[in-house]
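Enquirer: Here are the chains, one letter per residue:
2 protein chains.
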Amino acid sequence: MFEYNLLAKEGRARVGVFKTPHGDLQTPVFAPVGTQASVKTLTPEHLKELGASLVLSNTYHLYLRPGDELVAEMGGLHKFMQWPNPMLTDSGGYQVFSLALTRKIDDDGVTFKSHIDGSTHRFTPEKSIAIQENLGADIIMAFDECSDPNDHAYSLKAMERTHRWAERSLKAHVRADQALFGIVQGGVDPDLRATSAKFIASLPFPGIAIGGLSVGETKDEMHRSLDVVTPLLPENKPRYLMGVGTPEDLINGIARGVDIFDCVLPTRLARHHAAFSSTGRLNLMNATFKRDTRPIDESCDCYTCRTFTRAYLRHLINAKELLAGTLLSIHNLHALIQLVVDIRGLIQTGSFESKVPSLLDQWGNNAQKPTPVRLTD
Amino acid sequence: MFEYNLLAKEGRARVGVFKTPHGDLQTPVFAPVGTQASVKTLTPEHLKELGASLVLSNTYHLYLRPGDELVAEMGGLHKFMQWPNPMLTDSGGYQVFSLALTRKIDDDGVTFKSHIDGSTHRFTPEKSIAIQENLGADIIMAFDECSDPNDHAYSLKAMERTHRWAERSLKAHVRADQALFGIVQGGVDPDLRATSAKFIASLPFPGIAIGGLSVGETKDEMHRSLDVVTPLLPENKPRYLMGVGTPEDLINGIARGVDIFDCVLPTRLARHHAAFSSTGRLNLMNATFKRDTRPIDESCDCYTCRTFTRAYLRHLINAKELLAGTLLSIHNLHALIQLVVDIRGLIQTGSFESKVPSLLDQWGNNAQKPTPVRLTD
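Protein chains in written order, with the numbering used here: chain A, 1 to 377; chain H, 1 to 377.
Wrong hints could be hidden among the right ones.
Covered stretches of chain A (in silico footprint by chain H; criterion: 3 or more residues with CB under 8 Å from a CB of chain H, positions within the stretch not fixed) [stated by the list, open to error]: (1) 70 to 84; (2) 288 to 300; (3) 304 to 310; (4) 323 to 330.
No lab work stands behind these hints: they were computed from the structure. Where is the CB? At the ideal position from N, CA and C, for every residue including glycine.
Please model the entire structure based on the sequences and the hints provided.
Expert: Shown next as structure tokens:
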């Protein structure tokens, strides 16, 4: 079922197709995040129109609300939220470590309190897989532990636990229509990363995720980690860099052999008035846009840019109109999705590597903070 | 330019076409309200898809933010908000009386403080018309004073002022591509209403609005006022009942000879989890919908009802997802727009009057409060 066919390679950058029960996924691909079974402010029609193919949803959130059993009863996540194309769920691990009120980790799993109502819950690899089987995404994740990347002792311990949990996740998983990905951890230590990449690559996962990045390390550390990990992964399996997405992260990640990305950044920035653009990030609340009749980005052909002026968007933001979030979400997601589509074309004609510097130059002003902490929406 | 052609009549109910610079308006018509140049949570594409033809925007709000001069500079309201079909602006009078922090009325106009920043402003008939000329809607309103309907002395005074302001509005108005409507006032007193209807009908307005209803009077008082007013109005001019819109208000209004309606109710209810339906109003936050796989209304063919279950909508509401407001707004607006389209068909085949009782029976449970106070969004 879950064949990954490489169509083109240029250096370490790859173009491929991953077959899923909900259609073929062209990679590289950027996945919008629908944390609670909704990509914030957008309808499925919006997502189709802006060319989204893969959509991610969060196991931790859906387990707590509305509950994975309810989603299963409603026919699964695709049917519940009416997304007919491929879907991915994470393991819930990252949110347990970043969002839950308290957590107690042992070798068997994690006991935590819900950030919604303080109620106590427990995730184990088996539980995470059972929840993800109820949700029914095409691509699901092994349960993992994300460490502070700069804490070496903890990174070692979390990596070892992640490896044992990967084996247990594999054993627990029964649905044949879901591709279970293993997750590489290891903080920013090259040796740990190499150990983890080799171990996870040795297990029969149809795809491999790289976790524990964009969580507080520097960009250089992220790149060095990718430089260690991707050469150790098999060619015939897709690689997914979790929770990463600024435009420059996508360029750098694809150049280092990553195939799949997701991030809440485009929709989160949108609700905070910020727009990606090929000339740098814009804050549309800014008074300089008051009478600006240009679109957000003159080189963008999304619905928002085809239709509305910066002056109108600035008015909507100023007047606290919810439509602003919708229109900026459309633009920001389109920008990332289209950037990846463009890069796909460049790789296929063997012209990506030579364009990396100019692409980074063009899109490099979109990360205003040196190391954005990964956002959980 | 602003011809109104009657196509059919049944009793007092009418079907007609009002020609505007942005296309022909089929009446009866329900206009969604885009208070601040945005129908809350919806794109213009949504509005087109759900069959909206006329959209209303508020002079008071746009004057304060972003400013009518800015809108004019941006090419007018149609271009600014990208609504290509007919538009209507109110006079600003109602909001000055209901929203502004303080107000001082004299025979020349009203001085008031902005509800946004407390700054002092003054509206006169001439100023209201100048603002509306800057905004550039197809249908604009004479400046009027809306009284407490149960205060007879004030209603008389406000009516007389409204009449003088109607004459001044007519004199001030110069743009030939805008239809200026006069407004009938008079509270709930039949004599005042008759006096006002006759006076406004005697002036050369291409259309006539009925103001000061749905502001605290009973449904019976509203109906009796319409029963007095519409028979005194010329046949060849459209009649617009301002700020009214529950499903049953539309049925009752059309039966009494009204052609145009607007109300924030459908979009406001949507943001508070309530949906119109042909079996009564639903609050989709209700736990009874947790596992309900039906659409909001099985007889509705809007995007929301064609696509999503009550269980999913209830989850979105429960999880505070903004998409809930969008999807319920689509449904509620579609319900009113489709109801009016259906009634248009019934009038054309002479079968509306006989259906009024069953329509009221079907839609009558959608007004949960006996007299909803008119909402200003």
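Enquirer: Which hint numbers does the structure go against, in order from smallest to largest?
Expert: none
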